[in-house]
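Visitor: Take a look at the letters that make up each chain.
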Amino acid sequence: MRDPRLIRLAPEDAVLVVGASLAAGETLALDEGETALPAPLTLGHKIAARDIAAGERVLKYGMPIGVATRDIARGEHVHVHNMRSDWTPTFTLEDA
Amino acid sequence: MTLTGHPRADGRKGIRNVAVVAYLVECAHHVAREITTEFRRWPDAHGGDGVHLIGFPGCYPNEYAQRMMEALCTHPNVGAVLLVSLGCESFDKSRLHRAVEASGRPVETVVIQGVGGTARAIAAGCAFLEGELPGLAAAQRVPMDVSELVVGTVCGGSDGTSGITGNPAAGLAFDRLVAEGAACIFEETGELIGCEHVMADRAATPELADELRGAVEKAARYYATLGYGSFAAGNAEGGLSTIEEKSLGAYAKSGASAISGLLKPGDAPPRGGLYLLDVVPDGEVRWGFPNINDNAEIAELMACGAHLTYFVTGRGSVVGSAISPVLKICANPETYARMQDDMDVDAGRVLRGAPLAEVGDEIHAKTLAAAAGGRTRSEALGHQEFILTYKTFEPLGPACLPAA
Chain A
12 MRDPRLIRLA PEDAVLVVGA SLAAGETLAL DEGETALPAP LTLGHKIAAR
62 DIAAGERVLK YGMPIGVATR DIARGEHVHV HNMRSDWTPT FTLEDA
Chain H
86 MTLTGHPRAD GRKGIRNVAV VAYLVECAHH VAREITTEFR RWPDAHGGDG
136 VHLIGFPGCY PNEYAQRMME ALCTHPNVGA VLLVSLGCES FDKSRLHRAV
186 EASGRPVETV VIQGVGGTAR AIAAGCAFLE GELPGLAAAQ RVPMDVSELV
236 VGTVCGGSDG TSGITGNPAA GLAFDRLVAE GAACIFEETG ELIGCEHVMA
286 DRAATPELAD ELRGAVEKAA RYYATLGYGS FAAGNAEGGL STIEEKSLGA
336 YAKSGASAIS GLLKPGDAPP RGGLYLLDVV PDGEVRWGFP NINDNAEIAE
386 LMACGAHLTY FVTGRGSVVG SAISPVLKIC ANPETYARMQ DDMDVDAGRV
436 LRGAPLAEVG DEIHAKTLAA AAGGRTRSEA LGHQEFILTY KTFEPLGPAC
486 LPAA
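Keeping their order, the protein sequence lines are chains A and H. Heads up: the first sequence begins at 12 in our numbering, then just goes up one per residue. Heads up: the second sequence begins at 86 in our numbering, then just goes up one per residue.
There's no promise every hint is true.
Coverage of chain H stretches by chain A, computed from C-beta distances (three or more under 8 Å per stretch; other residues unrestricted) [to be verified]:
1. 232-246
2. 313-320
3. 325-332
4. 412-419
To be clear, the hints were calculated from the coordinates, so they are not data collected in a lab. The structure displayed is predicted, hence computed values, not measured ones. Heads up, the beta-carbon is just placed ideally off N, CA and C, and yes, glycines get one too.
Given only the sequences and the hints, what does the whole structure look like? Please build it.
Guide: Here you go:
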């Protein structure tokens, strides 16, 4: 039973979208097992639905949104620190 | 709902009847702004849709900018035009003046160097508008069908909610409008990267499918040369990790209708249906970023005749536009709670259990209400952003607009 605040957009997706802002330490039920959040997560961010290997294509909406740049554990925040675009690099600000 | 509009000589109808003041080089911007400011409160006392400021800052000639200005000054929402020229700029003011005149609209060109400087130019411009505004405000509207509407869509300040709530809801509204015979335009080929093949499958003909794929491939090359995607720091802060992730969310704005054609800025859709607007310049990479901000995209949709534009935002954009109303659709419920005075539609409620179809229906209903004359939030707050920069385009190829 998955936490209702986590949205799976397609059955084959490796990521779940966070549908409400979550505080650090919250326990979330994934499809398999639970995970405790190490840091707060803002609405709209993603976590890994399962372990993702470095080099693997990351699927969202059932479509590739980039490549994992290192191994990502189930429940971990998936973002610019552990995945990259197949097209152009993502621009971010240091304090963002 | 029965719509009404302002009839124009070219057969189109406007949902607003604004007077446009257009500066033809940055050096004429101050004079044009001073004239516009004189009439800022005019509609409060006398009614009508007031005076809107647009312009082109460049001093060097550019066919795209010329074409954009002609399309905007003869936009169906425009009832009268004042051109403000410094005098020595390269913009072809006579050609623009003639194009507006040929459209049946009142037009005057004030040349600052000709009339003797700033104060006299402001006085001359104000005199023209004082003569025209009462007639614009009193103009009778005539019946207008939904099938005569042209609606555009952009997204800006996107985040991880945009592709789940606001964009698919806008897509549902597009599906209804297209079924009712309206023309709907989506754009930003730089934000369709990774979606080109699924999008091409929706093309009316195989030749058009090639053109759609080609437009996105051109955008991918262009942005690769520049070294940045069409992606701002705030997109990442809002949970989007890559341009292809942003693209998949943005693509949802197009809905599920078949794609009837490919347009370039200034091309009016020939009939109802769903169209992709190619916003990335043709030829070698020059002039810098294709659209330096969201308002450049809105200007291009208007140049294609869009009466109204949907703006889906997650982070919370506040912009509107000169000439055509902007309907603000907020994808993120936390942003909506903070900025609801700026938003027309709370699409983020989908994350709290509201059906997406309900939001799609609300967008459709608010489209018709705005078309009937109801003020959108950005209009009520006085937003009239506008920007136009340099570009180069080749004319549309024969496969871009297949016969119906």
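Visitor: If a hint holds in the structure, say so; if it does not, say that too.
Guide: Evaluation of the provided hints:
Residues of the segment 232-246 of chain H lying with their CB closer than 8 Å to a CB of chain A number 3, which satisfies the three-residue condition for coverage. Judged by the Cβ-Cβ criterion of 8 Å, the segment 313-320 of chain H is covered by chain A as claimed, because 6 of its residues qualify and three suffice. With 6 residues having a Cβ less than 8 Å from any Cβ of chain A, the segment 325-332 of chain H passes the three-residue criterion, so the hint holds. Coverage of the segment 412-419 of chain H by chain A holds in this model, with 3 residues showing a Cβ closer than 8 Å to a Cβ of that chain against a need of three.
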